[in-house]
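**Student:** Chain by chain, the residues:
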Amino acid sequence: MDGQIFLRLRHRIKTGNDQLIYLEDIAQITGDEFAVQKLSKMPIYHVSKKDRHIAVLDIMHVVKTIKKTWPDIDIQTVGGAEAIVEIDTGKRQLSPVLFVFVWLLLFVGAALAIMNFHEDVSMRLVHIRLYEMITGKTVEHPYLLQIPYSFGLGFGMILFFNHVFKKRLNEEPSPLEVEMFKYQLDLDHYVALKENKETMKDIHDR
Amino acid sequence: MIGKWLFVALVGLGGGLTVGAGFVAFLTVLGIIPRLMQLTKTQRFIQGYEAAVITGAVVGGWATLSEVHLHLSKWLALPIGLLAGIFVGMLAAALTEVLNVLPILTKRIGMDGKIVLLLMAIVLGKVFGSLFHWLIYI
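Respectively, the protein sequence lines represent chains A and B.
Quick note on UniProt numbering: the first sequence kicks off at 1 and runs consecutively.
Quick note on UniProt numbering: the second sequence kicks off at 1 and runs consecutively.
Calculated from the structure, these hints are not laboratory results.
What you were told as hints is all true, and nothing was included just to trick you.
Simulated restraints on C-beta separations:
1) V68(B) with P96(A): 48 to 56 Å
2) V116(B) with K68(A): 46 to 54 Å
3) V116(B) with V78(A): 32 to 40 Å
Computed far set for chain B versus chain A, every beta-carbon distance over 12 Å:
4) F7
5) V8
6) T18
7) A21
8) A25
9) T28
10) I46
11) Y49
12) E50
13) V58
Given the structure is predicted, the values throughout are model-derived calculations rather than measurements.
Glycine included, each C-beta is placed from N, C-alpha and C at the ideal position.
Generate coordinates for the entire structure from the input sequences, incorporating the hints supplied.
**Tutor:** Here you go:
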C-alpha cells in the first residue's frame, strides 16, 4: 500500500523533559488522507536527560523513521531541513538583585556615554554659540536650550524604539524587535548546524 | 593671485563635497529618516525630507562660519533645544551598538520579557547624564 505525504518541518518546538515527540508535533503534514492519519501519531524522537536544553531533528532522520515502518510511502519534503527542539528544564528565574544590578549598570553607562559624547563634540560650545545666534546674548549656561535638549534626548530614543505609540501609530515591528528576531535566527542557524552531527563529516586521513 | 584664489576655492569645494556626502551617508546608514517616515506614514514626502536635511546642513554650516545674530526671544531656544535633543536621541538609539547588545544581553541573563525595562534604563540614563552634565558637572 503506497501513498504520498508532504512534510514541512516546524522551525522550533518547545517540549518538557522526558517527552515523546510525534510526527504531527514536529511537522505539518498533508497528502493522502489515510497516510496522514496513520503517520500523525508516529513517535519520532524521545527527549531524554542527555539532550539537555536543545536537540536538533534532521529531516533525514524523520524520513528514515517513517520509511522503516512504511517503505513504500512517497515523502515530499518542503522547507527547512532541521527542526529545533527546545527543552524546557524549568525556567531559571532571575534574581531581582541581579536585575537591579544590570539596570544600574546600563543607567550609569548610558549617562557616562552621553557625557563623553558631549565633551567629545564640544556640545557645550555649540549650545552657547547657538543661543548666542538666536538671542544675541552670550551666556555661560544656556539652560533654556540645554534642559529641553536633555529631555528631547530621551524622547528621541523612545521614538526610535517606538514603545510609546506602538498601538496607536502602526503595527510594524520596531527596530529592536527586528534585531532580536535576527539574533534568534542566527542562534537557531548555529544550533541547527552545530548540534546536528550529520551536517559535518571529517573524511581527512580516512 | 587669481590662481591662488581658484585653488583655495577648489579645496573648499572639494572639502565641502566630501563632508556633505559623508554626512548624508551617515544619516542613511543610521536609518533615522526611514524610521520617521515609517512612524508617521509619510513615505510620499521623502523628497521633502531630503530637502529639509540639505537646507538644514547648509544653513547650519553657513551660520557657524558667519557671525550672524538674530536677536530673537530667548524662549525660541526652548523648542530648538527640544528638537536638537530628539534628533541626537534618535542618533544615539540608532547606533548599532545598542541594537546589537540588547538582544544578546537580555538573552544571556534570561529576561527576554523585560527588554523594555532595560531600554528605559538606557533612556533615563541618557536624560540623567545630560542634565547632570549641564547643570552640575560644568
